[in-house]
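Start from the sequences, fold in the hints, and give me the full structure.
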Amino acid sequence: MVRVAVIGCGGLGVNVAGELAAQGHEVRVHDALPEALDRVAPRLAEDRKALRECGLLRQPGFLGSVFCLSRLEEALREAELVLECITEDLAAKVSLMEVASQSCRPTAILSSSSMRLSMDAIFERVSGKDRCLGIRFLFPVYAIPEVEIQICKGTSMATLAWVRGFLERMGKTAFLRAGPEPLVLSEREREARRSALALLGRTAMARQPPPFSPPDLASPDTLCSALTAEVLEAGGTGGRDKDCVVCMDEERNCVLHPCHHLCTCAACGRMLLKRQDACPICRRHITSIFRVFHS
Numbered sequence: 001m002v003r004v005a006v007i008g009c010g011g012l013g014v015n016v017a018g019e020l021a022a023q024g025h026e027v028r029v030h031d032a033l034p035e036a037l038d039r040v041a042p043r044l045a046e047d048r049k050a051l052r053e054c055g056l057l058r059q060p061g062f063l064g065s066v067f068c069l070s071r072l073e074e075a076l077r078e079a080e081l082v083l084e085c086i087t088e089d090l091a092a093k094v095s096l097m098e099v100a101s102q103s104c105r106p107t108a109i110l111s112s113s114s115m116r117l118s119m120d121a122i123f124e125r126v127s128g129k130d131r132c133l134g135i136r137f138l139f140p141v142y143a144i145p146e147v148e149i150q151i152c153k154g155t156s157m158a159t160l161a162w163v164r165g166f167l168e169r170m171g172k173t174a175f176l177r178a179g180p181e182p183l184v185l186s187e188r189e190r191e192a193r194r195s196a197l198a199l200l201g202r203t204a205m206a207r208q209p210p211p212f213s214p215p216d217l218a219s220p221d222t223l224c225s226a227l228t229a230e231v232l233e234a235g236g237t238g239g240r241d242k243d244c245v246v247c248m249d250e251e252r253n254c255v256l257h258p259c260h261h262l263c264t265c266a267a268c269g270r271m272l273l274k275r276q277d278a279c280p281i282c283r284r285h286i287t288s289i290f291r292v293f294h295s
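For the sequence shown, position 193 matches number 193 in full-length UniProt numbering, and the numbering has no gaps at all.
Derived from the structure by calculation, the hints contain no laboratory data.
Below 20 angstroms or equal to it, Euclidean Cα-Cα: the simulated DMTMM-like pairs (lysine to aspartate or glutamate) are:
1. K172 - E146
2. K172 - E189
3. K172 - E148
4. K242 - E78
5. K49 - E191
6. K274 - E250
7. K49 - D38
Okay, here's the thing in structure tokens:
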């Protein structure tokens, strides 16, 4: 699992966040417009439904999580990969990448999804140009294996190798842009890729051997496992799933009301409440918080 920051919640940014979450990554999205953040959860719910209906998503939900953060520095904190997906405005991209290079860890990969702007110009004021490059997921991202890569003058081979490995583990094919024009798929090409991936998924499911025996749903062990799974899903008990999604330092011990999501520590919960912010998971307005104590 890789912790990824997606900056920009337009059509491309939300689809990229959904695809990353579907592959099991932890995604932290940010947009300067609160209404754009508010649209993320409903959009992802629609995407999950559509993907299940066409056979591209076989589990009930995405394997990873998407958190909506209204502060840029909170989205960038502890990110291993930063994907910039804002509008084609060179000045805005340059400013964003400069802030990102100063706010995130020094080893984080910084990338831009720009189609036509110069990558060297976008990363002009970035510290550590060896970790910078262009990464553009071809729209609509879901079921599209190709990802376009643009290298900068300072991009290191280690950065390129890391990105290629990251994409390959997701079933993506990284390719370097040939020439000044970006690759844009036609609707027919997109549909062909969706159909091929759906067929591959159905074939894989047909080849799976049947279970040896049905579970005993009434047994104490089965009931205990089910309850444990519910607790894990609600709050997380292991690894990075225990960390507060805002500060990343303390464990999650604060329930946000009225949505009842457990995703922050008490201090960050109070901070969100004080600044009248929204839940990082569902974007519902926070009216009160409750401290919980773990045994």
